[in-house]
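Number of protein chains: 2
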Amino acid sequence: MKYGIVAFPSKPIQDEINSYRKRYDSHYALIPPHLTLKEEFEADDKKIDELITELKHIANDTEPITININKVSTFAPVTNTLYLKVEPKQELYDLSDKMHTDKFPGSRTYSFVPHITIAQKLSDDEYSDIYGSISMKDIQLEDTIDRFNLVYQLENGIWTVYETFVFGKEYV
Amino acid sequence: MKYGIVAFPSKPIQDEINSYRKRYDSHYALIPPHLTLKEEFEADDKKIDELITELKHIANDTEPITININKVSTFAPVTNTLYLKVEPKQELYDLSDKMHTDKFPGSRTYSFVPHITIAQKLSDDEYSDIYGSISMKDIQLEDTIDRFNLVYQLENGIWTVYETFVFGKEYV
Numbered sequence: 001m002k003y004g005i006v007a008f009p010s011k012p013i014q015d016e017i018n019s020y021r022k023r024y025d026s027h028y029a030l031i032p033p034h035l036t037l038k039e040e041f042e043a044d045d046k047k048i049d050e051l052i053t054e055l056k057h058i059a060n061d062t063e064p065i066t067i068n069i070n071k072v073s074t075f076a077p078v079t080n081t082l083y084l085k086v087e088p089k090q091e092l093y094d095l096s097d098k099m100h101t102d103k104f105p106g107s108r109t110y111s112f113v114p115h116i117t118i119a120q121k122l123s124d125d126e127y128s129d130i131y132g133s134i135s136m137k138d139i140q141l142e143d144t145i146d147r148f149n150l151v152y153q154l155e156n157g158i159w160t161v162y163e164t165f166v167f168g169k170e171y172v
Numbered sequence: 173m174k175y176g177i178v179a180f181p182s183k184p185i186q187d188e189i190n191s192y193r194k195r196y197d198s199h200y201a202l203i204p205p206h207l208t209l210k211e212e213f214e215a216d217d218k219k220i221d222e223l224i225t226e227l228k229h230i231a232n233d234t235e236p237i238t239i240n241i242n243k244v245s246t247f248a249p250v251t252n253t254l255y256l257k258v259e260p261k262q263e264l265y266d267l268s269d270k271m272h273t274d275k276f277p278g279s280r281t282y283s284f285v286p287h288i289t290i291a292q293k294l295s296d297d298e299y300s301d302i303y304g305s306i307s308m309k310d311i312q313l314e315d316t317i318d319r320f321n322l323v324y325q326l327e328n329g330i331w332t333v334y335e336t337f338v339f340g341k342e343y344v
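Going line by line, the protein sequences match chains A and B.
Each residue of the first sequence is one higher than the last, beginning at 1 in our numbering.
Each residue of the second sequence is one higher than the last, beginning at 173 in our numbering.
Any given hint might turn out to be false.
[What the hints assert, rightly or not] Straight-line C-alpha distance at most 35 Å; calculated DSBU-like pairs for lysine-lysine: (1) 2(A) - 257(B); (2) 174(B) - 11(A); (3) 47(A) - 293(B); (4) 228(B) - 275(B); (5) 103(A) - 275(B); (6) 270(B) - 293(B); (7) 85(A) - 183(B).
[As the list claims (entries may be wrong)] Cβ pair distances, simulated, as ranges: (8) 110(A) - 245(B): 29 to 37 Å; (9) 40(A) - 236(B): 47 to 55 Å; (10) 126(A) - 279(B): 24 to 32 Å; (11) 133(A) - 272(B): 19 to 27 Å; (12) 301(B) - 109(A): 43 to 51 Å; (13) 199(B) - 54(A): 28 to 36 Å; (14) 212(B) - 97(A): 32 to 40 Å.
Simulated from the structure, these hints should not be mistaken for lab results.
No experiment lies behind these values; they were computed from the predicted model shown.
Heads up, the beta-carbon is just placed ideally off N, CA and C, and yes, glycines get one too.
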């Protein structure tokens, strides 16, 4: 089964981000706005049970993280993807790194860039137009990440949350 | 904020149910296939923190529940909604009842009928056509519910999972 690990921002932030995604993000209906901590990976039922134990340990050892977004950035020319850049913070890198030890299947395709995608799979013309207009907007968002979610993908492409892991001494 | 409490079936069951929902359910893109334990209700941040404590207690005291689906049924003439009937099981009623004590905001609009919606907001003609064809299908599904989810609704109508509550002595 195909899994991933993401953090959803709070509702007001999701609503604002969706106002951009609605028009430009082909994944708009597949998953709410999210910061990906670990890209999709394959795991069977036995493996995922082991990983869940590990994810509980990680969540227990993590404090809530304040995130700040101040600009739109791009993965072009690698892909015509626009994203809200989450300001680099060591805690985010540490959190994502803990999900990329050899206990976990799946390795990084690219180095970790904390971000929330707002537009993807754009043609070159669309990309230029949209980047031009959206990069002029004054975007200033602050939020607190206090949990992450293990999600799996259905056959129709939509992601379902399998389990939420709240930071702090939550789990036995 | 608008919250609800639902249980998602396992992935293979969700995939099968989505094959029906895709064509007939206007909420197909808003939330994966689900069994609603508590209909939408309003709660502020303070109240939801209290409810989460209560939901942990409820989850701790609940054992996994096997569910069986053997037929399509309907809420007509109240609404033109078709659903997979989840065979009545006392544990499901008990679970839902615990979310309708006076500790919780929101009361039942209808008495609790365990079900997974596959078609809704149909015109009378659509309803007759679809019910006719779908009720002839031989639907036999079995699954195990071992968690429920507190979800909230975004402005675009899509539901995001706020927290998952796994049954058993999971939470401190």
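Measure nothing beyond the straight line between the CA atoms of residue 47(A) and residue 293(B); if it is 35 Å or shorter, mark the hint as holding. violated, 41 Å
Please work out if residue 2(A) and residue 257(B) have their alpha carbons no farther apart than 35 Å. holds, 29 Å
CA of residue 85(A) to CA of residue 183(B), is that 35 Å or under? holds, 32 Å
Can the restraint linking residue 174(B) and residue 11(A) be considered satisfied, given a maximum Cα separation of 35 Å? holds, 10 Å
Is residue 228(B) within 35 Å of residue 275(B), Cα to Cα? Cα-Cα ~14 Å, so holds.
Range hint compliance [Cβ, residue 126(A) to residue 279(B), 24 to 32 Å]: violated, 48 Å
Pairwise beta carbon distance, residue 301(B) to residue 109(A), judged against the given window 43 to 51 Å: Hint holds: Cβ distance 46 Å, inside 43 to 51 Å.
Hinted pair, alpha-carbon criterion (35 Å max): residue 270(B), residue 293(B). Please report holds or violated. holds, 29 Å
Holds or violated: residue 103(A) and residue 275(B), Cα atoms, limit 35 Å. Judged against 35 Å, a Cα distance of about 41 Å means the pair is violated.
Is it true that the C-beta distance of residue 212(B) to residue 97(A) lies inside 32 to 40 Å, as the hint says? holds, 38 Å
Confirm or reject the claim that residue 40(A) and residue 236(B) have a C-beta distance inside 47 to 55 Å. With Cβ atoms ~27 Å apart, the hint is violated.
Given a hint of 29 to 37 Å, does the C-beta separation of residue 110(A) and residue 245(B) actually sit inside it? violated, 49 Å
When each numbered hint is compared with the structure, violations occur for hints 3, 5, 8, 9, 10, 11.
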